[in-house]
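Novice: Take a look at the letters that make up each chain.
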Amino acid sequence: MEQGKKVRVLVAKPGLDGHERGARVVAYGLRDLGFEVIYTGLRQSADIIAKAAIQEDVDVIGLSILSGAHMTLTRKVLDKLKEQDARDVLMLIGGVIPDEDVPKWKEMGVSGVFTSGTPIKEIGDFINSNIS
Amino acid sequence: MDNELENLVNGIADGSVRSLAGMITCVENRTTGWLEAMKKIYSKTGHARVIGITGPPGAGKSTLTDRLTRTLLDKGLSVGVIAVDPSSPFSGGALLGDRLRMKDVSALEGVFVRSMATRGALGGLSLAARDVVKIMDAFGKDFILVETVGVGQDEIEVVKTADLVMVVCVPGMGDGIQAIKAGIMEIADIFVVNKADIEGADSVVKDIQAMLSMSTDKGKKTIQVLKTVATSGDGITELVDTLFQELEATKKKAGRQRDRIKEEIIGLLEREVSRLIHKRLDHNDKLDVSVDKILARECDPYSVVQEITDDYIK
Chain B
1 MEQGKKVRVL VAKPGLDGHE RGARVVAYGL RDLGFEVIYT GLRQSADIIA KAAIQEDVDV
61 IGLSILSGAH MTLTRKVLDK LKEQDARDVL MLIGGVIPDE DVPKWKEMGV SGVFTSGTPI
121 KEIGDFINSN IS
Chain Z
1 MDNELENLVN GIADGSVRSL AGMITCVENR TTGWLEAMKK IYSKTGHARV IGITGPPGAG
61 KSTLTDRLTR TLLDKGLSVG VIAVDPSSPF SGGALLGDRL RMKDVSALEG VFVRSMATRG
121 ALGGLSLAAR DVVKIMDAFG KDFILVETVG VGQDEIEVVK TADLVMVVCV PGMGDGIQAI
181 KAGIMEIADI FVVNKADIEG ADSVVKDIQA MLSMSTDKGK KTIQVLKTVA TSGDGITELV
241 DTLFQELEAT KKKAGRQRDR IKEEIIGLLE REVSRLIHKR LDHNDKLDVS VDKILARECD
301 PYSVVQEITD DYIK
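Protein sequences appear in the order of chains B and Z.
According to this note's numbering, the residues represented by the first sequence are 1 to 132, in order.
According to this note's numbering, the residues represented by the second sequence are 1 to 314, in order.
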């Protein structure tokens, strides 16, 4: 039995992309919904993100990507997680994402895609209904 | 102890980072069986040196922790970092941002950084922080840096956890009298005046030194006041040298460790007794009878407490 279980979420920005506002809005919003959010800041390598996810033992990773390199970066993070024997996490992506890329992501192992304009509560509800 | 925790304990013995992270989660969540798991690992603790880093918000604790970690790594030592940030008292959520200042160092071999939310605990640390120190110790970390939330004047929980406490101050936080107040200023083994490139750093150093010189405890050791600029790395080498000297000096004092263990036993006992009291008295009809009597002024709360304690101690 988990007496004081809190859902832990890592919010990270991989790669060369200086647009942080969205990630921050999501981080603050999830905090206000009762999640413990670990925010790692800008320009993270896939390796750093994977290691942070493992050390922090997070249930969810949210990647915010507005650089256009979302497919490559997400693939890299997923590979690193696998390589480092991370436990199963719920992988979420947000940012500027073309609709036609969404189905490819689901195949890759991404559980949810939330583009700009998504109400934070929708992300929170999605997390709660997908975390055992 | 259930299988999951058993596996985590074994994993820690085998050096699995994932097990280390998993056990911290279980202990932080107080998952059933966590106490048994702590008992199992306790015999493997006692090797790590534990450094507390405390000070007001924005003093540069995380950046300083990053620098210290790097320097210790260069000396061939492994480092665990526990970085505590506050939980929201309203939503229960938290934004843990200490990794922001330590993103490169946190991925280096030999480093393990864990962010923790206070989850309602007062005193600058979370309830489980002390247990997490032990888990990292059992895992084999040489040094464990415990960074508190940004504290004011009275949050001194870290002193119960660390072998040595650094209090980080910065220029511009008020006049000399701020330094003479009680609380965190009294727990420092080393004072660090960070952001020493900002005007006013020297007067902060002087204020602290003046406060220390007024101590009436003549037998007390001299406490160093060092200047650093954590962002550039200035003063870090001197700080680490002082750190090692002070650790050597505290090693000779077995008293502090004994006091800490005693204090820990009493603390755990208090929590356990409090739990038992709640278990017995919550939804207890007898208590309601007492409440009625008190409301009618036939009895008083003091006598009721006396009666209950007398009954327990029997």
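Rather than coming from a laboratory, the hints here were simulated on the basis of the structure.
Even for Gly, the Cβ is constructed at its ideal location relative to N, Cα and C.
Incorrect hints may have been included.
Estimated spans, in silico, between C-beta atoms of each pair [what the hints assert, rightly or not]:
id, chain 1, residue 1, chain 2, residue 2, range
1, B, 118, Z, 240, 43 to 53 Å
2, B, 16, Z, 269, 52 to 62 Å
3, B, 16, Z, 33, 38 to 48 Å
4, B, 101, Z, 269, 54 to 64 Å
5, B, 47, Z, 271, 35 to 45 Å
6, Z, 213, B, 20, 39 to 49 Å
7, B, 21, Z, 276, 45 to 55 Å
8, Z, 268, B, 101, 15 to 25 Å
9, Z, 13, B, 47, 22 to 32 Å
10, B, 82, Z, 10, 21 to 31 Å
11, Z, 90, B, 71, 35 to 45 Å
12, Z, 262, B, 28, 41 to 51 Å
13, Z, 269, B, 106, 28 to 38 Å
Within a straight-line C-alpha distance of at most 30 Å, the following computed DSBU-like cross-link-like pairs (lysine-lysine) qualify [unchecked claim]:
id, chain 1, residue 1, chain 2, residue 2
14, Z, 160, Z, 251
15, Z, 251, B, 5
16, B, 5, Z, 160
17, B, 5, Z, 134
18, Z, 44, Z, 279
19, B, 5, Z, 279
20, Z, 160, Z, 134
Calculated Cβ distances over 12 Å to all of chain Z for the following chain B residues [to be verified]:
id, residue
21, 16
22, 27
23, 28
24, 50
25, 72
26, 118
Novice: Taking the beta carbons of residue 82 of chain B and residue 10 of chain Z, is their distance inside 21 to 31 Å?
Specialist: Distance hint for residue 82 of chain B, residue 10 of chain Z holds at roughly 23 Å.
Novice: Could you see if the CB distance from residue 118 of chain B to residue 240 of chain Z stays within 43 to 53 Å?
Specialist: Given a distance of about 46 Å, which is inside 43 to 53 Å, the answer is holds.
Novice: Within a Cα-Cα threshold of 30 Å, do residue 251 of chain Z and residue 5 of chain B meet the stated pairing?
Specialist: violated (38 Å)
Novice: Is it true that the CA of residue 160 of chain Z sits at most 30 Å from the CA of residue 251 of chain Z?
Specialist: holds (16 Å)
Novice: Would you check the hint for residue 5 of chain B and residue 279 of chain Z, treating anything up to 30 Å between C-alpha atoms as holding?
Specialist: holds (21 Å)
Novice: Is the nearest CB of chain Z more than 12 Å from the CB of residue 27 of chain B?
Specialist: violated (6 Å)
Novice: Just to be sure I understand the hint, the distance between the Cβ atoms of residue 90 of chain Z and residue 71 of chain B should be within 35 to 45 Å; is that true here?
Specialist: Holds, since residue 90 of chain Z and residue 71 of chain B (Cβ atoms, about 38 Å apart) stay within the stated range.
Novice: Holds or violated: is the Cβ of residue 72 of chain B farther than 12 Å from all Cβ atoms of chain Z?
Specialist: holds (20 Å)
Novice: That 45 to 55 Å hint for residue 21 of chain B and residue 276 of chain Z (C-beta), does it hold up?
Specialist: holds (50 Å)
Novice: Check whether the Cα positions of residue 5 of chain B and residue 134 of chain Z lie no farther apart than 30 Å.
Specialist: holds (21 Å)
Novice: Far enough from chain Z: is every CB of that chain over 12 Å from the CB of residue 118 of chain B?
Specialist: It holds; residue 118 of chain B is separated from chain Z by about 18 Å at its closest Cβ, greater than 12 Å.
Novice: Please confirm whether residue 16 of chain B is truly not at the interface, meaning its C-beta sits more than 12 Å away from all C-beta atoms of chain Z.
Specialist: holds (14 Å)
Violated hints for the displayed structure, listed by number in ascending order: 8, 13, 15, 18, 22, 23, 24.
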